[in-house]
Structures are given as structure tokens and as C-alpha cells.
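First to last, the protein sequences are chains A and B. First residue of the first sequence? That's 7 in my numbering, and the numbers climb one at a time after it. First residue of the second sequence? That's 22 in my numbering, and the numbers climb one at a time after it.
No lab work stands behind these hints, which were simulated from the structure alone. A couple of the hints might just be wrong.
Unchecked claim - Listed next, the in silico DSS-like pairs over lysine-lysine satisfying Cα-Cα at most 27 Å (straight line): (1) A:Lys106 with B:Lys73; (2) A:Lys106 with A:Lys19; (3) B:Lys90 with B:Lys73; (4) B:Lys24 with B:Lys90; (5) A:Lys19 with B:Lys90; (6) A:Lys106 with B:Lys90; (7) B:Lys73 with B:Lys24.
Residues per chain are reported as follows:
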Amino acid sequence: DAGVTQSPTHLIKTRGQQVTLRCSPKSGHDTVSWYQQALGQGPQFIFQYYEEEERQRGNFPDRFSGHQFPNYSSELNVNALLLGDSALYLCASSSGQGGKTQYFGPGTRLLVL
Amino acid sequence: DAKTTQPTSMDCAEGRAANLPCNHSTISGNEYVYWYRQIHSQGPQYIIHGLKNNETNEMASLIITEDRKSSTLILPHATLRDTAVYYCIVRGQGRGSTLGRLYFGRGTQLTVWP
């Protein structure tokens with residue numbers, strides 16, 4: 007049974023570019039949450055997708071957007087990259103919208119130069 | 022916003038029990054206590070959660086005080102592979118606008134020594 011998978015594992019971009027990160031949830035899960043983890047900090051909630059809609063959003067600008075597909079996989083898009091967007095981006099999946107246990111993927115390390 | 026307080030760091034000798042404390046004095050009646058750990062540069066790993074009763078699984082035990090204002094995660098026989106940052110998180114369950122998110126603080130860096 008595959009757990010949560012994310013791609014790519016590492017990515018290097020320059021300021022102003024756009025990036026798309028991908029996540030496949032654990033088998034049987036239909037809810038995907040995205041988190042950003044800066045170096046030395048705990049993960050910060052970006053948003054959550056359920057039934058192909060954004061259901062909750064943390065304190066992140068509109069440059070951060072997402073999508074969920076019918077097969078429950080999800081994408082995180084970041085436009086107009088800033089140096090401060092350099093971080094580990096984590097995807098977590100769970101079953102249902104009601105706050106069940108979230109299981110995390112290995113993350114995508116983004117470096118913005 | 023994180024609702025928990027944890028020590029910044031702790032040490033433990035290999036083979037001994039590691040007891041990681043967490044204060045959550047403002048916890049509500051319907052909020053659970055969750056524990057995750059994160060080994061360097063990997064995704065957080067779910068360990069255990071509980072509401073008011075003590076819980077045990079293959080990884081750890083969770084002891085929650087009767088007033089639910091604090092809890093302790095116990096790793097009964099720590100190994101070098103248990104070296105990680107441990108996060109204590111309080112969250113609700115059920116449908117609601119903010120229940121889906123996890124609020125991570127800085128956690129406790131546990132170092133297990135040989």
C-alpha cells in the first residue's frame with residue numbers, strides 16, 4: 007500500500023518564475039492538505055482540498071494556488087517566486103474533511119535563487 | 022496558532038525510556054492531542070493521538086493527565102533512529118472551518134545517545 011507520494015523531490019527556480027508541485031494521496035484518502043516548512047521552523051498550513059475544492063486556507067498570499075483532481079491527487083502552484091518561498095513543501099492526506107489523522111509525504115525541497 | 026508548549030530539546034540514552042512532555046492548558050473538551058515526529062528533512066511521521074484516555078501503539082504510549090492540560094509521549098526503549106523533532110499538536114475533529122489544519126510549533130529536538 008503506497009503512502010503519500012510527492013514530486014519532484016528537489017527543485018531549483020529563480021525569482022519571478024512559477025512552480026508546480028504534485029502530490030498523490032495515500033490509498034483510500036480523499037483530502038489533501040499542503041504545508042510550507044521554512045528552515046528551522048515547524049510546518050505552516052497553506053490550504054486543504056476536498057471534493058476538488060479549496061476548503062480551508064492559511065495565511066498565504068494568492069500567489070499560492072492549488073487544484074485537486076477527480077482521482078484525489080493535487081497540485082500546488084506558486085507564481086512570481088520570491089527568495090522567501092524557499093522551503094520544504096509538504097503534502098498530507100486524510101480521509102474525509104472532518105479532521106481525521108493526516109499522513110505526510112516526503113516533501114519537495116524548493117530553492118529559489 | 023500553536024496551543025502547546027514543549028521543551029526545546031531533550032536527551033536520552035539508547036535503550037532507556039524517553040518521556041516527552043507537552044503542556045496544552047487551553048485544550049477544549051472536543052480537542053485531541055496528536056504527536057508527530059520529523060527526522061531531518063523528511064516529512065512528519067504520525068505517532069499517536071488521544072482524547073482523554075491513555076493510548077498505546079507499536080511506536081509509543083500517550084499519557085494524558087486527568088484535567089487534560091498536559092500529556093507525555095513515552096518511547097519505551099529509545100534507539101538512535103528515534104532522534105528527531107517531536108511535535109505535540111492539539112486539534113479538533115468533525116466538520117468545521119479550521120478543523121482540518123494542523124498547527125505546528127517548534128517541537129522538541131530529542132537526541133538519543135549511544
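How the hints compare with the structure:
For the proposed pair A:Lys106 and B:Lys73, the alpha carbon gap of about 17 Å is at most 27 Å, so the pair holds. Simply put, A:Lys106 and A:Lys19 have alpha-carbon atoms about 34 Å apart, too far for the 27 Å limit, and the pair is violated. At roughly 10 Å between alpha-carbon atoms, B:Lys90 and B:Lys73 fall within 27 Å of each other, so this suggested pair holds. Annotation: proposed proximity of B:Lys24 to B:Lys90 holds, straight-line Cα distance about 11 Å (limit 27 Å).
Proximity of A:Lys19 to B:Lys90 is assessed by CA-CA distance (about 45 Å); at most 27 Å being required, the pair is judged violated. Our distance criterion of 27 Å between C-alpha atoms is met by A:Lys106 and B:Lys90, whose separation comes to about 22 Å. Only pairs whose Cα atoms come within 27 Å are accepted, and B:Lys73 paired with B:Lys24 is accepted, the gap being roughly 17 Å.
Figure legend: structure checked against the earlier numbered hints; hints not met, in rising order: 2, 5.
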